[in-house]
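These protein sequence lines are chains A and B, in that order. Following our numbering, the numbering of the first sequence begins with 1 at its first residue and continues without gaps. Following our numbering, the numbering of the second sequence begins with 1 at its first residue and continues without gaps.
Quick caveat, the hints were computed from the structure, so don't treat them as lab data. As the structure is a computational prediction, the values presented were derived from the model and not from experiment. Just so it is clear, CB atoms sit at the ideal spot from N, CA and C, and this is done for glycine as well. Where hints are given, some of them may not hold.
[Stated by the list, open to error] Covered stretches of chain A (chain B as the covering partner; in silico rule of three or more C-beta atoms under 8 Å from a C-beta of chain B):
| id | stretch |
| --- | --- |
| 1 | 81-95 |
| 2 | 114-121 |
| 3 | 197-209 |
| 4 | 269-281 |
| 5 | 305-311 |
| 6 | 377-387 |
[Stated by the list, open to error] Each pair of labels, with its calculated beta carbon distance range:
| id | chain 1 | residue 1 | chain 2 | residue 2 | range |
| --- | --- | --- | --- | --- | --- |
| 7 | B | Ala41 | A | His84 | 55 to 61 Å |
| 8 | B | Arg111 | A | Ala299 | 40 to 46 Å |
| 9 | A | Arg188 | B | Ala41 | 51 to 57 Å |
[Unchecked claim] Listed next, the stretches of chain B that the computed footprint assigns to chain A, with coverage defined by at least 3 CB atoms under 8 Å from CB atoms of chain A:
| id | stretch |
| --- | --- |
| 10 | 70-78 |
| 11 | 89-95 |
| 12 | 264-278 |
| 13 | 331-342 |
| 14 | 345-356 |
2 protein chains.
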Amino acid sequence: MNDLAATSRRLRDLGVRRAELLIDRRRAEANIATFAGRAAAAGVALRPHFKTHQSAGVAAWFRAAGVDRATVSSAGMAAYFVGHGWGDLTLAIPANPLEIPAYDELASRTRLGLCVDSAATAAALAAGLRHPFALWLEIDTGHGRTGIVWDDADTLIDVARQAVRAVAAHSPVPRLAGLLTHGGQSYRGAGPAAAAAVFAEVRDRLQASRRTLTQAGIAANLLSAGDTPGFAASSDWSGLDEARPGNFVFYDLMQLAAGVCRPTDLACAVACPVIGVYPARGEAMLHGGAVHLSYESLATPAGPVFGRLLGLTADGFAELLPGWEVTALSQEHGRLAAQTPAARTALNGLQPGDLVLVAPVHACLTCEQFGSYRTLDGVELPRYRRD
Amino acid sequence: MNDLAATSRRLRDLGVRRAELLIDRRRAEANIATFAGRAAAAGVALRPHFKTHQSAGVAAWFRAAGVDRATVSSAGMAAYFVGHGWGDLTLAIPANPLEIPAYDELASRTRLGLCVDSAATAAALAAGLRHPFALWLEIDTGHGRTGIVWDDADTLIDVARQAVRAVAAHSPVPRLAGLLTHGGQSYRGAGPAAAAAVFAEVRDRLQASRRTLTQAGIAANLLSAGDTPGFAASSDWSGLDEARPGNFVFYDLMQLAAGVCRPTDLACAVACPVIGVYPARGEAMLHGGAVHLSYESLATPAGPVFGRLLGLTADGFAELLPGWEVTALSQEHGRLAAQTPAARTALNGLQPGDLVLVAPVHACLTCEQFGSYRTLDGVELPRYRRD
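The shape of chain A in the complex, shown without the other chains (with noise of 0.2 Å):
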């Protein structure tokens, strides 16, 4: 209760008024250290994927780090990151051969990767753009998403003979950047254990995918694969060339359902007024739904969760408050219910105007929510936005 309403105290200082997205910078910069300390040690290049922030100062953060590549996922994005001074960004989606005219004006600015797992794309995209780009093969190391089954020899090769062909028509050095995957399958696992057992088996299986691609001769070069979870449990990176997490510079609540990070490293969370408090069923309102948090949820035994309480100190974010749950949203509201004995009389304590700190299922597509974001030292963190 103390920390509720010294959370609540905190928030009004900031000058939180209304559902608005905080991140704790020290702790964001701490995860990116990790990161970059990992792919430093294991000889890997750090490509972060930005789709987590979307924001040139958040960006910023990961530069003074030394990281000085990254991944988007929408030409957009790219554009964005073009803009301010990124020279080197790969569209870690199959590229969409309508988008071709951005995709070349993206490429006479900057390095630009594509990256295909048809020929007709590898093709489309060859013929089309008149700027180089690097072009890479999706793999499906077993997320079952995008991708190139990475033990379909035939398919395998026969695609990259194809985009090797295409880039040849286009290029003084005919050749794949390298193959590209995302271990998806490791947002599915229980523990840390699971996560890195599936970041072992991707690795193993690209690498499997490149000596297929080698025994065709045909040079497949760069390895490089990213999911949070299975980079977040594995400390040696060793054996790929390139790592594409993303989720990692903020966690959320999935990510600490799956073991892979702590309370503390949790760095972006959503301030909310409360709008209503009900004593009588055990619940609070927050002006705070789905367009705010988003609709993703954590599949508990009681239903779903789309959000849990942080506590707020002048040390920053502090541990998750216990007993308050986000159990439903609808549009702007969010149902907040105190959960155990102890939330229940804190709860007596809650009025309209208070404010709370949720903690996101899935940072990612919180973030997507908002324009922009501020940092607990009051710096406003722009970001792109899709028209």
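Position chain B relative to chain A; hints supplied.
This is chain B only, laid out in the frame that chain A set:
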């Protein structure tokens, strides 16, 4: 397959290159006309909730249908519509005491309705606003989200009395504007009969709350209710003074599943490029994910559904294309599954660079993901965006 290919060609002709939200204006205007007609027939004022579209351009279609008042869900959204000439707005979410300066500014520029369900917030508003405003008491008629429980006479009379007293200190006409409710439980039912039953129950309970206050000597004046399923399933709205549904302008798969609209009423959809085709698993991948569609899903026996495909003809949106479902989303990817033999055959004709039209599960949250929309005749419709 024919429809799939024809839709892709038409979307390409419209100039769609990446995920974009399209609106069939003719359908939206027909939906508006239906609701404006029911309101007029019952002598009920239509005060549509603009949180669904948040666009001055769409709001203008309402104005053309004779609507001169609206509902919003945040002070920022209110300011946007005041800036576009809307002079009568109700903020239908319990007022946030921290935003009193913003409310006062709004009240200086428009007829502003605010709602409360606690004496503390009523007192804070009355003390804090210098400009006149309409104070609504929010009633919980069964939704269980916000509001005073409709048959909790003691609380109702107590809060109403304190609210009137608070207003009295600042107004020559010390009275409540009325009782306001959101019959959101209509979203839980199955079928139009259930939604119509919720409508009737909500109206009856709201009337009962007013009688309780009247008997205690407190004038509560108007009765305002709003939820699309209930109002869509009920052709006779009499017994209320004001109707505040919002979603009906576009409808969506959730309303369709509830049986309160037809496929031919669906008026917004997201055009998405195909970026991968995977016949072996009967799927294609769209560059259209949670950041485009939102993460809200429809529960089906086979698992969650995040969207279905619509056809597009020269006349506008057509029927749903059978056999296609968006079965998973990540941040930017949407997994499109071919669920019938015919769809699996058609899948073989799909290529990266083709386009599909995805009907969203929840239009309000999908619209929230875009900075602007486009009508099928090429008119750009910008919308309000939170910072």
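Hints, one by one, checked against the model:
1. Under the rule that three or more residues need a Cβ within less than 8 Å of chain B, the assignment of the stretch 81-95 of chain A holds, with 3 such residues.
2. Coverage of the stretch 114-121 of chain A by chain B holds. Counting CB-CB distances below 8 Å, 4 residues qualify, and the rule asks for three or more.
3. For a cut-off of 8 Å, the count of residues in the stretch 197-209 of chain A with a CB near a CB of chain B stands at 0, and the three-residue condition is violated.
4. Note: the stretch 269-281 of chain A has 5 residues with beta-carbon separation from chain B under 8 Å; the three-residue rule is met and the coverage holds.
5. Here the stretch 305-311 of chain A counts 0 residues with a CB under 8 Å from a CB of chain B, which misses the bar of 3, and the coverage is violated.
6. Given a C-beta distance limit of less than 8 Å, the hint that chain B covers the stretch 377-387 of chain A holds, as 3 residues qualify and 3 suffice.
7. Look at Ala41/B against His84/A: about 56 Å separates their beta carbons, and that is inside 55 to 61 Å.
8. Remark: the range hint 40 to 46 Å for Arg111/B to Ala299/A is upheld by a beta-carbon distance near 45 Å.
9. For the pair Arg188/A and Ala41/B, the beta carbons lie near 53 Å from each other, so the given range of 51 to 57 Å is met.
10. Remark: the stretch 70-78 of chain B is confirmed as covered by chain A, as 4 of its residues place a Cβ nearer than 8 Å to a Cβ of that chain, reaching the required three.
11. Figure legend: the stretch 89-95 of chain B, annotated as covered by chain A; annotation consistent (3 residues with Cβ-Cβ distances under 8 Å, at least 3 required).
12. For the stretch 264-278 of chain B, the stated coverage by chain A is satisfied: 4 residues place a CB nearer than 8 Å to a CB of that chain, which reaches the threshold of 3.
13. Coverage of the stretch 331-342 of chain B by chain A holds. Counting CB-CB distances below 8 Å, 4 residues qualify, and the rule asks for three or more.
14. Residue count for the stretch 345-356 of chain B with a Cβ under 8 Å from a Cβ of chain A: 4. That meets the three needed, and the coverage hint holds.
Violation of the numbered hints given earlier is confined to hints 3, 5; the remaining hints are satisfied by the structure.
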